[in-house]
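Student: The whole structure should be built from the sequences, with the hints applied where relevant.
Taken in sequence, the protein lines are chains A and B. Start counting the first sequence at 2; every next residue gets the next number (the working numbering). Start counting the second sequence at 4; every next residue gets the next number (the working numbering).
These aren't lab readings, by the way, just hints derived from the structure by calculation. Certain hints may be false.
Claimed, not checked - Among chain A residues calculated to face chain B with C-beta under 10 Å, some are:
(1) 75
(2) 76
(3) 77
(4) 152
(5) 153
(6) 155
(7) 156
(8) 157
(9) 158
(10) 159
(11) 160
(12) 162
(13) 164
(14) 169
(15) 173
What the hints assert, rightly or not - Simulated restraints, written as ranges between beta carbons of each label pair:
(16) 129(B) to 88(A): 23 to 31 Å
(17) 139(B) to 147(A): 31 to 39 Å
(18) 67(B) to 59(A): 52 to 60 Å
(19) 191(A) to 125(B): 31 to 39 Å
(20) 242(A) to 136(B): 13 to 21 Å
(21) 88(A) to 108(B): 28 to 36 Å
(22) 86(B) to 182(A): 35 to 43 Å
(23) 200(A) to 111(B): 37 to 45 Å
(24) 25(A) to 90(B): 52 to 60 Å
(25) 108(B) to 153(A): 15 to 23 Å
As the list claims (entries may be wrong) - Quick look at which bits of chain B chain A covers, simulated, 3 or more residues with Cβ under 8 Å:
(26) 98-110
(27) 128-141
C-beta: ideal position from N, C-alpha, C; glycine also.
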Amino acid sequence: MRPEDFEHLQSLLLTRAGFALTRDRMYLADHRLGPVARREGYASVEDLLKATRDLPVGSLAWSVIEAMLNAETWFRRDRAPFASFGEELAPAISTVRPGGRVRVWSAGCGAGQEAWSLAMMAAGAGVHAEILGTDLAQRQLEKAKAGLYTQFEVQRGLAARQLLQWFEPHEEAWRVAPQLRGMVRFERDNLMDAVPPEGGRYDVVFCRYVLSDMEVTRRQRVLERLEASLVDDGCLFLGLGESPGEGNPAFRAVSGRPGLFVKTARPRIHRAA
Amino acid sequence: MGGVTPRVSQSLNPVPDPRTCLIVDDSRIIRKVARRIVEGFGFEVDEAADGAEALAWCATALPDVILLDWNMPVMDGLTFLKRLRAQPGGDGPKILFCTIETEVARIAEALAAGADEYVMKPFDGEILESKFAEAGVV
Chain A
2 MRPEDFEHLQ SLLLTRAGFA LTRDRMYLAD HRLGPVARRE GYASVEDLLK
52 ATRDLPVGSL AWSVIEAMLN AETWFRRDRA PFASFGEELA PAISTVRPGG
102 RVRVWSAGCG AGQEAWSLAM MAAGAGVHAE ILGTDLAQRQ LEKAKAGLYT
152 QFEVQRGLAA RQLLQWFEPH EEAWRVAPQL RGMVRFERDN LMDAVPPEGG
202 RYDVVFCRYV LSDMEVTRRQ RVLERLEASL VDDGCLFLGL GESPGEGNPA
252 FRAVSGRPGL FVKTARPRIH RAA
Chain B
4 MGGVTPRVSQ SLNPVPDPRT CLIVDDSRII RKVARRIVEG FGFEVDEAAD
54 GAEALAWCAT ALPDVILLDW NMPVMDGLTF LKRLRAQPGG DGPKILFCTI
104 ETEVARIAEA LAAGADEYVM KPFDGEILES KFAEAGVV
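Tutor: Structure, rendered in structure tokens:
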């Protein structure tokens with residue numbers, strides 16, 4: 002890939018997705034965009050990128066952006082956050098909500114494993130949860146909605162008993178069981194958009210391993226959007242090692258619960274002394 | 004204490020013995036692949052080619068974990084599992100089935116017979132790590 006093509010790709014990812022594509026990922030870019038070029042009928046990655054440069058940003062550019070996003074995801078990633086949600090948070094929040102309904106947003110849900118895992122945890126705890134999964138990548142969302150996963154995917158993060166309880170075999174794959182299907186809906190959403198997804202505020206937001214790939218000022222904007230989407234005292238789960246930023250007054254870390262941050266109540270108007 | 008300096012025995016060594024895993028599979032290749040992954044988790048690995056051989060191993064020393072194929076000559080994995088679980092101390096080892104069988108009824112049968120986890124072949128390092136974690140051994 003020529004340096005100018007890579008710079009164009011960097012700019013596309015930064016302005017549209019807030020994604021900071023570092024120079025050491027140039028090889029990865031060639032590897033990921035090769036299949037997109039073939040699928041879209043271009044002779045090479047260079048030709049594909051030239052087309053995205055010459056045309057207004059449309060579905061082709063989005064295909065390029067989607068291919069570059071980190072799609073790696075698995076069920077109950079890191080386990081502990083999902084245990085906290087299912088055993089502690091969801092039952093506690095449920096007792097203080099009308100109809101016991103807990104509202105959860107899986108932001109950057111990829112192929113849906115996180116959202117379905119949250120549904121399993123809530124259903125296992127007997128909690129009525131309404132879960133929204135959003136992602137930038139249309140192809141991933143289609144997979145999430147289908148709720149169909151390979152044998153490899155279901156074995157990354159799921160116990161055998163959970164597999165039997167929450168999935169049914171479908172041809173060579175496994176499909177999310179009907180009792181979970183009504184709990185989750187999937188929608189396309191760009192975390193960079195000004196307006197949060199419709200439907201009001203959420204009790205719990207999972208946004209794991211998304212922010213660390215973002216450029217710092219965009220990351221800050223996304224955090225503000227996540228804050229605005231949470232109820233007061235709402236819970237934000239980030240990936241292990243991720244944080245809302247040193248000294249960010251909007252969230253406080255919870256000791257003994259890595260990756261969990263609680264939205265702090267702040268006066269809406271700050272007046273200088 | 005008397006004037007005789009006691010000899011420091013091995014048991015006073017603060018480094019614990021590595022945990023042990025017995026890999027039971029009639030395929031030498033599968034055993035080799037699984038061994039490399041499981042050794043990577045810090046286990047000391049032994050191998051057996053069928054259930055009868057595995058029972059003989061367990062009569063000498065019970066491993067912490069057993070990775071168990073289903074279909075094997077001489078004695079299959081399910082028979083081995085039931086026999087081991089019926090023995091005194093046989094409920095100690097964590098047993099993970101690792102088999103080509105993917106039917107729901109088979110998985111349920113294995114869990115009901117006392118298996119702790121169930122791996123469907125083919126597997127990779129991430130899957131084994133995830134399943135060992137489920138069984139609480141990594």
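Student: Please flag the earlier hints that this structure goes against, numbers listed from lowest up.
Tutor: none
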